[in-house]
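What follows is the residue order along each chain.
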Amino acid sequence: MSDIGSTTGAVLAEGMPGIVDDWSADKEAFHVPWGKAMMWIFLLSDTFIFSCFLTSYMNVRMSTTVPWPNPSEVFALTIFGTHMPLILIAIMTFILITSSGTMAMAVNFGYRKDRVKTAVLMLATAAFGVSFVGMQAFEWTKLIEDGVRPWGNPFGADQFGATFFMITGFHGLHVTGGVIYLGIIAFKVYRGDYDKSNNYEAVEIAGLYWHFVDLVWVFIFAFFYLW
Amino acid sequence: MEATAEGQQHPISIYLKIWILLFVLSTLSYLVDVMGFESYLRWGLILIFMFLKAGFIVAIFMHMAWERLALAYAILCPPLCLLVLIGLMAIEAEYTFFTRLLFFSQ
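Those sequence lines, one after another, are chains A and B.
Using this note's numbering, the first residue of the first sequence is number 1, and each one after it goes up by one.
Using this note's numbering, the first residue of the second sequence is number 1, and each one after it goes up by one.
Fair warning: there could be bad hints in the mix.
[Said to hold, decoys possible] Which stretches of chain B does chain A cover? Using the computed rule of at least three CB atoms under 8 Å from a CB of chain A, they are: (1) 12-22; (2) 44-51; (3) 66-80; (4) 90-102.
[Unchecked claim] Calculated from the model, a selection of chain B residues having no Cβ within reach of chain A, i.e. all distances over 10 Å: (5) 9; (6) 40; (7) 41.
Hints listed in this document are in silico derivations from the structure and should not be mistaken for laboratory results.
Using N, Cα and C, we set each Cβ at its ideal position, and we do this for glycine too.
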């Protein structure tokens, strides 16, 4: 890791002395573009929102006296006569990870100033996002047909539906928003906006948001579907 | 590796390696369910795979490993407060559970 040049060109200290310098000196604390710092702070606030949802899910699941529905069975699908537990959720997980991979590549090609590859990879990421939301819509439809409602369901504790629709719905909303966001940035990349300004940091900032959506899914997958 | 004020540039190979690693970890966490592990073994494995995946996404894909510590600490430390919330809510849930048991058994 090399030292980062500050705006004055002076070499900055690393480690703990670096923290003290960055926070105490009468200047900017974060040596990153402002958009990136703001995206990180937004993601931090979003972390708290999702954590509140997952914590309330923990609370209702621990406090109910009725057995919790077995997610492995609730989300099982029968494909070509084979009964596969949790298969759709596994596919959705792999799709989101793949989209995170293509996004990381898009950021990389952005910094190499490869306009076309960046735009194509971002659109591929958005396409994976669309397929994820599509599968989620399918999953919701199936559960609603099975009689799962926010106030009750045939499988067990009533709170299952409320937490399921709230948590996955809010995450799906983030994916949908991300697809639109990626589409806009990809369009601007393709049009050459960032070549003109010679600055591709918007791609990395969009990438931060997209990776965060994948990150949240890691926790939802672990706590809601697997636990 | 270079992390400059202009941006984060790293070899593509590191992204591919992490990508494959995330696939493997996801497969393993899915296998926890398929194999039907129960109780503490199940929860332990789920948490290990979850934190590994989350760590790699934040450190490599989101470039936190190459950011300055002033930013990394500002973003990664505040969520630790959530442990207090989780702890309090767990205690509260236990209490609700036992009062329900008492009430429903009457």
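Results of checking the hints against the structure:
1. A count of 6 residues in the stretch 12-22 of chain B with a Cβ less than 8 Å from any Cβ of chain A is obtained; the coverage claim is therefore met, three being the minimum.
2. Beta-carbon proximity to chain A at under 8 Å applies to 4 residues in the stretch 44-51 of chain B; the threshold of 3 is reached and the given coverage holds.
3. With 11 residues having a Cβ less than 8 Å from any Cβ of chain A, the stretch 66-80 of chain B passes the three-residue criterion, so the hint holds.
4. Under a criterion of three residues with beta carbons nearer than 8 Å to beta carbons of chain A, the stated coverage of the stretch 90-102 of chain B is upheld, 8 such residues being counted.
5. Once the 10 Å rule is applied to beta carbons, residue 9 of chain B is inconsistent with being away from chain A; the minimum gap is 5 Å.
6. Separation of residue 40 of chain B from chain A is adequate, the least Cβ-Cβ distance of about 12 Å exceeding the 10 Å criterion.
7. Against the 10 Å criterion, residue 41 of chain B stays outside the reach of chain A, whose nearest CB is about 13 Å from its own CB.
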